[in-house]
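Trainee: So the protein sequences, as listed, match chains A and B.
Under UniProt numbering, the letters of the first sequence match residues 1 to 455, in that order.
Under UniProt numbering, the letters of the second sequence match residues 1 to 455, in that order.
Everything labelled a hint here was simulated from the structure, so no lab data went into it.
Owing to the predicted nature of the structure, the values given are computational and were not obtained by experimental measurement.
Be aware that a few hints might be false.
Pairs of lysine to aspartate or glutamate residues, derived as EDC-like cross-links and limited to a Cα-Cα distance of at most 16 Å, are as follows [claimed, not checked]: (1) LYS299/B / ASP274/B; (2) LYS173/A / ASP131/A; (3) LYS182/A / GLU101/A; (4) LYS182/B / GLU227/B; (5) LYS417/A / ASP380/B; (6) LYS417/B / ASP380/A.
2 protein chains.
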Amino acid sequence: MGTILLRNATILSMDSERRVFENGDVLVRDDRIAAVGAVDPAEADQADEVVDLTGRMVLPGLVNTHVHTSQQLERGLADDVDLLTWLHDRTWPFESALTEEDQYLSTLACGCELIRSGVTTFAEAGGQHMDATGRAVENLGLRARLCISSMDCGEGLPEGWVRPIQEVLAEQKGLYDRWHGKAGGRIGVWFGLRTIFNCSDELIVATKDMADTLQTGVHMHVAEIQEEVRFARQTRGASTVEHLGALGALGPNLLAVHHVWLTAKEVDLLALHDVKTSHNAAAAMRYLGFAPVPEMLRKGVAVSIGTDGAPSNNHMDMMSEMYLVSLIHKGRHLDPCAVTADKVLEMATVMGARCMLMDDSIGSLSEGMKADLMVVNPRDFGSLPVHDPVSALVGAMYSANVESSMCDGRWLMRDRKVLTVDMEGLLDEIQSRADAVRRRAGIELPPRFPVVRVR
Amino acid sequence: MGTILLRNATILSMDSERRVFENGDVLVRDDRIAAVGAVDPAEADQADEVVDLTGRMVLPGLVNTHVHTSQQLERGLADDVDLLTWLHDRTWPFESALTEEDQYLSTLACGCELIRSGVTTFAEAGGQHMDATGRAVENLGLRARLCISSMDCGEGLPEGWVRPIQEVLAEQKGLYDRWHGKAGGRIGVWFGLRTIFNCSDELIVATKDMADTLQTGVHMHVAEIQEEVRFARQTRGASTVEHLGALGALGPNLLAVHHVWLTAKEVDLLALHDVKTSHNAAAAMRYLGFAPVPEMLRKGVAVSIGTDGAPSNNHMDMMSEMYLVSLIHKGRHLDPCAVTADKVLEMATVMGARCMLMDDSIGSLSEGMKADLMVVNPRDFGSLPVHDPVSALVGAMYSANVESSMCDGRWLMRDRKVLTVDMEGLLDEIQSRADAVRRRAGIELPPRFPVVRVR
Numbered sequence: 001m002g003t004i005l006l007r008n009a010t011i012l013s014m015d016s017e018r019r020v021f022e023n024g025d026v027l028v029r030d031d032r033i034a035a036v037g038a039v040d041p042a043e044a045d046q047a048d049e050v051v052d053l054t055g056r057m058v059l060p061g062l063v064n065t066h067v068h069t070s071q072q073l074e075r076g077l078a079d080d081v082d083l084l085t086w087l088h089d090r091t092w093p094f095e096s097a098l099t100e101e102d103q104y105l106s107t108l109a110c111g112c113e114l115i116r117s118g119v120t121t122f123a124e125a126g127g128q129h130m131d132a133t134g135r136a137v138e139n140l141g142l143r144a145r146l147c148i149s150s151m152d153c154g155e156g157l158p159e160g161w162v163r164p165i166q167e168v169l170a171e172q173k174g175l176y177d178r179w180h181g182k183a184g185g186r187i188g189v190w191f192g193l194r195t196i197f198n199c200s201d202e203l204i205v206a207t208k209d210m211a212d213t214l215q216t217g218v219h220m221h222v223a224e225i226q227e228e229v230r231f232a233r234q235t236r237g238a239s240t241v242e243h244l245g246a247l248g249a250l251g252p253n254l255l256a257v258h259h260v261w262l263t264a265k266e267v268d269l270l271a272l273h274d275v276k277t278s279h280n281a282a283a284a285m286r287y288l289g290f291a292p293v294p295e296m297l298r299k300g301v302a303v304s305i306g307t308d309g310a311p312s313n314n315h316m317d318m319m320s321e322m323y324l325v326s327l328i329h330k331g332r333h334l335d336p337c338a339v340t341a342d343k344v345l346e347m348a349t350v351m352g353a354r355c356m357l358m359d360d361s362i363g364s365l366s367e368g369m370k371a372d373l374m375v376v377n378p379r380d381f382g383s384l385p386v387h388d389p390v391s392a393l394v395g396a397m398y399s400a401n402v403e404s405s406m407c408d409g410r411w412l413m414r415d416r417k418v419l420t421v422d423m424e425g426l427l428d429e430i431q432s433r434a435d436a437v438r439r440r441a442g443i444e445l446p447p448r449f450p451v452v453r454v455r
Numbered sequence: 001m002g003t004i005l006l007r008n009a010t011i012l013s014m015d016s017e018r019r020v021f022e023n024g025d026v027l028v029r030d031d032r033i034a035a036v037g038a039v040d041p042a043e044a045d046q047a048d049e050v051v052d053l054t055g056r057m058v059l060p061g062l063v064n065t066h067v068h069t070s071q072q073l074e075r076g077l078a079d080d081v082d083l084l085t086w087l088h089d090r091t092w093p094f095e096s097a098l099t100e101e102d103q104y105l106s107t108l109a110c111g112c113e114l115i116r117s118g119v120t121t122f123a124e125a126g127g128q129h130m131d132a133t134g135r136a137v138e139n140l141g142l143r144a145r146l147c148i149s150s151m152d153c154g155e156g157l158p159e160g161w162v163r164p165i166q167e168v169l170a171e172q173k174g175l176y177d178r179w180h181g182k183a184g185g186r187i188g189v190w191f192g193l194r195t196i197f198n199c200s201d202e203l204i205v206a207t208k209d210m211a212d213t214l215q216t217g218v219h220m221h222v223a224e225i226q227e228e229v230r231f232a233r234q235t236r237g238a239s240t241v242e243h244l245g246a247l248g249a250l251g252p253n254l255l256a257v258h259h260v261w262l263t264a265k266e267v268d269l270l271a272l273h274d275v276k277t278s279h280n281a282a283a284a285m286r287y288l289g290f291a292p293v294p295e296m297l298r299k300g301v302a303v304s305i306g307t308d309g310a311p312s313n314n315h316m317d318m319m320s321e322m323y324l325v326s327l328i329h330k331g332r333h334l335d336p337c338a339v340t341a342d343k344v345l346e347m348a349t350v351m352g353a354r355c356m357l358m359d360d361s362i363g364s365l366s367e368g369m370k371a372d373l374m375v376v377n378p379r380d381f382g383s384l385p386v387h388d389p390v391s392a393l394v395g396a397m398y399s400a401n402v403e404s405s406m407c408d409g410r411w412l413m414r415d416r417k418v419l420t421v422d423m424e425g426l427l428d429e430i431q432s433r434a435d436a437v438r439r440r441a442g443i444e445l446p447p448r449f450p451v452v453r454v455r
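Build out the structure end to end from the sequences listed, making use of the hints.
Mentor: Structure (structure tokens):
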């Protein structure tokens, strides 16, 4: 793949010292970073490609730790409704109606939105037709951890979603065998546990054991809604995290997502067991409530950021999500210093990598790390002036400022053009395919305003 | 100016029936809308310009009811600090250091950001060098209500900001005489009252009287911070809105901004006196707390949306602000139906116009209204699919989706290019001028991360 030299940028390395290099360079050799900051002139001279990035910032590609690729075509189909309507009448029917090819397109569309917001790595939250997702991720050039949501109990779910435990485990293992380590290691497989509502203790324990044996992770929605606390106490005698602790299921390879309704004791348990977490600010604000992120950070819990799925947000956009994370905790705590911009940027990069068990290879820019990075251009009326690059990135910039990105040493996007897919062809297809799925699912939205068809 | 025909769009008219025209047209004649929906073919044939908008939406230009144009160059200079630092060490020194020409550039830069987020009308919150702002607004082609913040008492403010009441009133009247009704009526002048901390009762009453006499509005920060409630009770014996009521200063031409710390009685008073309000969601989340917007809407208070100034947000972007407004009240009330997307869109258009006392001429698209409108293109990975145009606009779109806009029948932007300024020249100047103001103000930011200068 050769060498690429990125020149004259402000580099937010997010390395262990969090160094910011002004007017610095990054040398990429094949899939790895060969140098950051000052590059040996002899090496620089031999670069196959030299890109002048004057006025730009370079930073690690963003890590989105909770993405429902199966919900991308459902965007805007479940706004302003209660959670039961959201689940039973919109999201579950919609996801159930997806074909394998719908899911392939859904992942491509989602992937393009992620790439255009600077994401180079994401964690699938547990969707449909994961082989199609694997194919799409392979083609998109992203780094991802795939996942199926396991469910072996619970009511009201679409036919076939709840299955016997052995079937569920075998399906997960099959996905693992087919995809783990594929695409040059860009694709891995984690095991999914939907929620405490839908997973027996036996399934939880078996899933965690399988993940430990295969040295991979477990992705689970935890303490998501207030009702979950009541349900867990009633059926298990303890709230979710406490119960997971009693089962021995807490550990460094568990990614607990949402974590809105935690007790102080549960925050301590997460820290004690080095459980990883994913804060989804928009979804929290839309349905769930606030997550105790400042408290978790104070206790040393590893907190990353996820966008959740399109109908929960509706932005599958880590730049937008960083802005939200920087705001909402200040308002809740009446503390303008709660969750500062530098902390938010850490959550979206190094902590994201840590929460996906990949901080030895991604999430920061230093010699030997994978070449996963983004180029940001602040030259726009919405971003200038830049008095502080970190403030600007988190508080003032948009996905539209993300000019280019690279994963595994390969350009995914240059000048806003995603290079790994046929963007226009894909944009042409999204609406018609989404409409077809909606019709098959039998979902009709009540119009908000009276519609007059002129012709 | 001739006639312009916009064809084949989804038109969100926001008229009294809130009609949505599918595949509809808008005919603009000079500065007014001549027809919406179906246009008489004979009239259509005679249009000077025909624009095909297949796949686009057309809606009223957005109304931003609280904008500090004097703070545009301060963006990102006061993040993650307490309110006293924000005021005393950053914002006040910065604003005081602005020259007349800085303010002209500041307003141009702010105006471009507003235009690129679909804004056609804004209310100045009360800034420096308002004659420069007037010149800039005249050139930008926006509609605006200028305003100086009056202060005749209070401590800790920069030299010259607090002055004797007669001087303050004369300054306001002077601005009114020079600018009210100028630029073909696009520019008007309101009177400003900074806060209850900085305005004597005599000033409040005299300002309201002058506004009533001249049939214009009063723009005031009200119930902004928790401390204000204590201060008002201590010095006036009642909280701000109650005290304004006792002074006879509540009325339909008062725009109360922020309104975070209202009692239930104060919400009732606002409704009773038809006081207009401006909800600034990002500023609220960053510093102030939540505003009781769902409660205010239930009581029939006229609530509009403002972005506040750049260092309070940092997005001077009504598309971003609509998204925030749609989210944060849901999270606070754990009610996913709190402040629905259609309500948010009303707040940003018709209610914005009403709060600026202009709903007889802007804020909706129907025959005879001023031709202030925006064209939105959803064709992007962050917005498609569109299952519901209102959900998509509020929940999924960005300023980057705003393709074109028109104010007073004149194109301000086409295909993202602002036509009324030299965009590139202005972008070249923002950073250097902002740096110069910052240096004159003596503001040095502590670096968040260690900086290494490579060359």
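Trainee: Next step is simple, just say for each hint if it's right about the structure.
Mentor: A quick look at each hint next to the structure:
About 11 Å separates the Cα atoms of LYS299/B and ASP274/B, which keeps this hinted pair within 16 Å; it holds. For a cut-off of 16 Å, the pair hint linking LYS173/A to ASP131/A stands: about 13 Å separates their Cα positions. As the CA atoms of LYS182/A and GLU101/A are separated by approximately 20 Å, the hinted pair breaks the 16 Å bound. For the proposed pair LYS182/B and GLU227/B, the alpha carbon gap of about 39 Å is over 16 Å, so the pair is violated.
For the suggested pair LYS417/A and ASP380/B, the alpha carbons sit about 12 Å apart, so the restraint of at most 16 Å is met. Straight-line distance between C-alpha atoms of LYS417/B and ASP380/A comes to about 12 Å, which keeps the hinted pair within the 16 Å bound.
In the structure shown, a violation is registered for the earlier hints numbered 3 and 4, in ascending order.
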